[in-house]
Structures are given as C-alpha cells and as structure tokens.
Amino acid sequence: MSIQRCPLSRLESLPQELQTEIISRVAKSSGRDVRNLMEASPRMAKAAAQPPVYKNINLRPLTVHPRASLTKYKDLMDVTLAAGNIEAHYVRGIQEYFHKNNATVGLAHLKIAAQGSYDNGIYLYGMIMLCRGQEEEGKAMVEKLGWRQNPIRVDES
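First residue of the sequence shown: 1, per our numbering; consecutive thereafter.
Calculated directly from the structure, the hints in this document are not laboratory data.
Think of the CB as a built atom: it goes at the ideal place given N, C-alpha and C, for glycine as much as any other residue.
Misleading hints may appear alongside valid ones.
Okay, the calculated beta carbon distance ranges per label pair [claimed, not checked]: (1) T104 to L70: 15 to 21 Å; (2) D33 to V105: 29 to 35 Å; (3) A68 to N102: 17 to 23 Å; (4) D33 to G133: 40 to 46 Å; (5) S9 to S30: 16 to 22 Å.
Given only the sequences and the hints, what does the whole structure look like? Please build it.
This is the structure:
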C-alpha cells in the first residue's frame, strides 16, 4: 500500500519568505483566515508562525473584549506582544491598567499602542493622561486624532 501525497498548491510551492509576506497581509484583515490556513497545511502553518504575521494579525475581537484574553488566548497575546502588535499592546494596556490596577505597566502598553497610531490607543491614552492631570500630553494625543478638523473622528475611536 502506497501513500499518495497531494501535490502542493501554488501558494505552498512559493518560498517561505513570500508565503509569510502573503499571510501577513491576510492577517491584517482576518485572524480566523490565518488560523484556518494553519490548520489546513503544516507547510503554511510554518510560514504563518513568523513575527511579521503576529505583528500584523488583526486582534479586533480582543480589542472589543480585552478581558477575554485574561483567561484565553494567552499564547497568542505573548507572541503578538513580542512581535510588536499594537492591538496586543492596547489589549494588554487595558488589562494592566483597569483589571490588574497596574497603572505603570498599563500606561506603557497604551502609550506603545498610541505611538503606533492605533486610534483607540491614542484616544484612551490621551483621555487617561487628561484625567491624571497631564494635560499637555493628553491634549497632544487627542490632537493626533484630528478632532478639531473632524469632530466625528473622536466618536469613531
């Protein structure tokens, strides 16, 4: 009895660096698609488990429900933080600042998210700075959202 192997798809036949770049771009819009790809092909899973993919992976569901990753998704949070994912820094900042009452670590993560031009991070970090009496830094952050030119922009954050 011989085991037949399926031929490689066009995507699987590309060099791993190119596969990683393609998967990284997919990751920006859908973490679920990346997970499905990893489950479907061990070869693609290897290409997907790279820092550029983790840096770009869309963590929108966790930004909406940051407490979810306190008990689940710990490994994902660790690798995305290590890769510099700004949404991961935003989520960790909320967890540390609000849930664990660790203002120093929480603000450090929120600042990274804000400096990475993540709108929710800019808004939250700016508001916290304003509430803490650090008006200059808070105003500077909120100004980055362009709310004077477009007041609706702040409401979208």
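The hints, checked one at a time:
At about 19 Å, the CB distance of T104 to L70 agrees with the hint of 15 to 21 Å. Remark: the range hint 29 to 35 Å for D33 to V105 is upheld by a beta-carbon distance near 32 Å. A C-beta distance of roughly 19 Å is found between A68 and N102, which places it inside the suggested range of 17 to 23 Å. Take D33 and G133: their Cβ atoms lie about 44 Å apart, and the range 40 to 46 Å holds.
Range check, S9 to S30: about 19 Å between beta-carbon atoms, so the 16 to 22 Å window is met.
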